[in-house]
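Peer 1: First to last, the protein sequences are chains R and F. Counting in this note's numbering, the first sequence runs from 1 upward without gaps. Counting in this note's numbering, the second sequence runs from 1 upward without gaps.
These aren't lab readings, by the way, just hints derived from the structure by calculation. Ideal placement from N, C-alpha and C gives every residue a C-beta, glycine not left out. Where hints are given, some of them may not hold.
A short, non-exhaustive set of chain F residues, derived as facing chain R with CB atoms under 7 Å [as the list claims (entries may be wrong)]: (1) 397; (2) 407; (3) 413; (4) 416; (5) 417; (6) 421.
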Amino acid sequence: MLTMGIDIGSAACKSLILKDGKHILSKEVFPLGTGTSGPNKVFEQALANACLEHKDLDHIMVTGYGRFTFDAADSQRSEITCHAAGMHFTMPKVRTLIDIGGQDIKILRLNERGKVESFVMNDKCAAGTGRFLEVMARVMNVRIEDLGALSMQSTEEVSISNTCTVFAESEVISKLSTGVKLPDLVAGILASVAKRVASLAFRNGVEAEVGMSGGVALNEGIINALSKELKTQILVPELCQYLGALGAAIYAGKEAL
Amino acid sequence: MSEVKDTPIESSPLPAPKPKRPLPLSRQMVNEQTAKCYAEAWAAKENGEPVGWSTAIFPQEVCEAFGVPVLYPENNAAAISAKHLGDPFIEHAEGAMGFPINICSYARLNMGMADVLDNPDYKADPAMPRPDFLLLANNSCTQLMKWYECLSEALNIPIFFVDCLFNYYEEEPAFYKVKYVRSQIENYIENMEKFLKRKLDWDKYLEVQKRSQINCQLFNEIVDLNRRTPAPMSGFDLFNYMSCLVLCRGKESTTEIFKQLKAEVEENIKNNTSTFPGEEKYRVHWEGIACWPNLGFNLKKLKEYNVNAVMNGYVTAWDVRYAPGDLDGMAKAYQTSSTNSLSTPTIMNKRVDSIKNFGCDGMLCHVNRSCKLMTFHIFVGREIVESNAHIPVANFDGDQSDTRIFSEAQFETRLQGLVEIMKEQKEGAV
Numbered sequence: 001m002l003t004m005g006i007d008i009g010s011a012a013c014k015s016l017i018l019k020d021g022k023h024i025l026s027k028e029v030f031p032l033g034t035g036t037s038g039p040n041k042v043f044e045q046a047l048a049n050a051c052l053e054h055k056d057l058d059h060i061m062v063t064g065y066g067r068f069t070f071d072a073a074d075s076q077r078s079e080i081t082c083h084a085a086g087m088h089f090t091m092p093k094v095r096t097l098i099d100i101g102g103q104d105i106k107i108l109r110l111n112e113r114g115k116v117e118s119f120v121m122n123d124k125c126a127a128g129t130g131r132f133l134e135v136m137a138r139v140m141n142v143r144i145e146d147l148g149a150l151s152m153q154s155t156e157e158v159s160i161s162n163t164c165t166v167f168a169e170s171e172v173i174s175k176l177s178t179g180v181k182l183p184d185l186v187a188g189i190l191a192s193v194a195k196r197v198a199s200l201a202f203r204n205g206v207e208a209e210v211g212m213s214g215g216v217a218l219n220e221g222i223i224n225a226l227s228k229e230l231k232t233q234i235l236v237p238e239l240c241q242y243l244g245a246l247g248a249a250i251y252a253g254k255e256a257l
Numbered sequence: 001m002s003e004v005k006d007t008p009i010e011s012s013p014l015p016a017p018k019p020k021r022p023l024p025l026s027r028q029m030v031n032e033q034t035a036k037c038y039a040e041a042w043a044a045k046e047n048g049e050p051v052g053w054s055t056a057i058f059p060q061e062v063c064e065a066f067g068v069p070v071l072y073p074e075n076n077a078a079a080i081s082a083k084h085l086g087d088p089f090i091e092h093a094e095g096a097m098g099f100p101i102n103i104c105s106y107a108r109l110n111m112g113m114a115d116v117l118d119n120p121d122y123k124a125d126p127a128m129p130r131p132d133f134l135l136l137a138n139n140s141c142t143q144l145m146k147w148y149e150c151l152s153e154a155l156n157i158p159i160f161f162v163d164c165l166f167n168y169y170e171e172e173p174a175f176y177k178v179k180y181v182r183s184q185i186e187n188y189i190e191n192m193e194k195f196l197k198r199k200l201d202w203d204k205y206l207e208v209q210k211r212s213q214i215n216c217q218l219f220n221e222i223v224d225l226n227r228r229t230p231a232p233m234s235g236f237d238l239f240n241y242m243s244c245l246v247l248c249r250g251k252e253s254t255t256e257i258f259k260q261l262k263a264e265v266e267e268n269i270k271n272n273t274s275t276f277p278g279e280e281k282y283r284v285h286w287e288g289i290a291c292w293p294n295l296g297f298n299l300k301k302l303k304e305y306n307v308n309a310v311m312n313g314y315v316t317a318w319d320v321r322y323a324p325g326d327l328d329g330m331a332k333a334y335q336t337s338s339t340n341s342l343s344t345p346t347i348m349n350k351r352v353d354s355i356k357n358f359g360c361d362g363m364l365c366h367v368n369r370s371c372k373l374m375t376f377h378i379f380v381g382r383e384i385v386e387s388n389a390h391i392p393v394a395n396f397d398g399d400q401s402d403t404r405i406f407s408e409a410q411f412e413t414r415l416q417g418l419v420e421i422m423k424e425q426k427e428g429a430v
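Chain R on its own, in the form it takes in the complex (with noise of 0.2 Å):
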């Protein structure tokens, strides 16, 4: 049985193609989202990896924010649990998942079977979001992936005391013009994402092992400051990206039964 997920994003599109539930033959990512050509992208590339075509398909789940709009989708669903079942086939004993995606922020306490139990979500404000990183990357003219990295470099990390995206933006900007360093100014955005997210953590309740799903998860300073403000580990499976998507996948070949 073959089974494709995708998950249309505010920020990026992923797809996946499971064969019987296990084996994964083809994944996909495009940095567009939702309401650009960024699924349609996912959805051929992820087939022509595979060598596969639509009619091979036994079934499509699509999830995410876009998940309305996909006409090739057999089904939807949220991507509250696809995140979790994706979560649970790669790393079945994290109990605690943290997903930061373009526009949201979950946090979901799993059970043994990766079951959600419980889950908090952002309020509406992009603080903390994939969004927001975007933002101060564009203000410091440097690429989003170089993020983690530079942070890496920093001796004295900046505090940035503004969580709002326009208020941090403005803050960015006018440490920028007093000559920080670069590096000491990425570290300390990600250490302001890193409270934020931190705290909503918190609120759900953190139990180990925490794992991390999302795009931003490719980060490796967000991981450093996430795990120092978690005092725990912070465990990123190497599909951190299509976790949704393959969550759809598993669950679409449960449908297809």
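We have chain R already, so just place chain F on it with the hints.
Peer 2: Just chain F now, kept in the frame of chain R:
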């Protein structure tokens, strides 16, 4: 080159609009009662008689016995917001009047309205006439005091204040607190007699108390009928009928409405029907004030996901129960009926009991930007609910009147996530 001719496009006839389901008789009676209340207030105003504005959980028995019309700005703001007519008043309050966005949106809406009462273009639905006095009880919110002080100053009218005390650690208020609130009510009666230049008819006052108790009891009985599975009512109906207790708790017309409603609900039970417009697969407990401007969207999505919000804690706030004639009992009741007058553990454990009684599978919490006090219960309270009622909880952002806060996509994602968890728990997959 060929000539391009304009070809008239034949438009296909528009599909006939879906006929609206007629309102049940009880709802028609609610609408008539509300219209009558406003008409009486306007008529009194035109006759030069005093009209009051009151906070939502005030000892209404006194003015009812005096026969003085009273309207309720919170109730009015909710009605206006549900009709999406509140933005101009809120904008006026924030803009020309300079009130900050962080204060309660009912307050912003009402103060914005109060500022234009004498404007010839003043229009609202429902529209309140200019008040001659204010009735203020701080049992549901402390911000009410500043709101009413502003009104009092702007309109140059007196406030009759019943100071209720917050119950920090106790479920039952201590005797000295009851004594204090009782003295406030006695003082209020005395001052109202001076203001109206006539004495209170104590027999009539007792009758109003009795009527109020009958109405509260009837409403409780109706709410309790929703314990049945599937529920005979959409839980959102309670928001509509609750207005009778806010606006006309001491009136006989409310008794008639509740009797009619009870008969309709019992008929639904008999026929295994419901006013919930979908299949009730999941039952949730709603926490917080309704998201009035988004009530239609909320109900539409609840229906889509087969979720009936069978019960909510908000509607119990007008369950002001006491023995008629017992002023101590009345003082105690006004001090404890509101969610916001009790400590978080007390109120959330009441919710736990309610969740169990109503067989709820989950809880949906409105994180209401306007009502900080009620919202802050939720953040700590969810742990109490999760550990004592063992059901999942989901929060969403919204506001009782400010249309800028709610996000449709956010609401749907949280609701869908909650449904998926409830489904897995029901199927025993967890």
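Peer 1: Would you mind marking each hint as holding or not holding in the structure?
Peer 2: Each hint tested on the structure:
no.	hint	verdict
1	397	holds (4 Å)
2	407	holds (6 Å)
3	413	holds (6 Å)
4	416	holds (4 Å)
5	417	holds (4 Å)
6	421	holds (5 Å)
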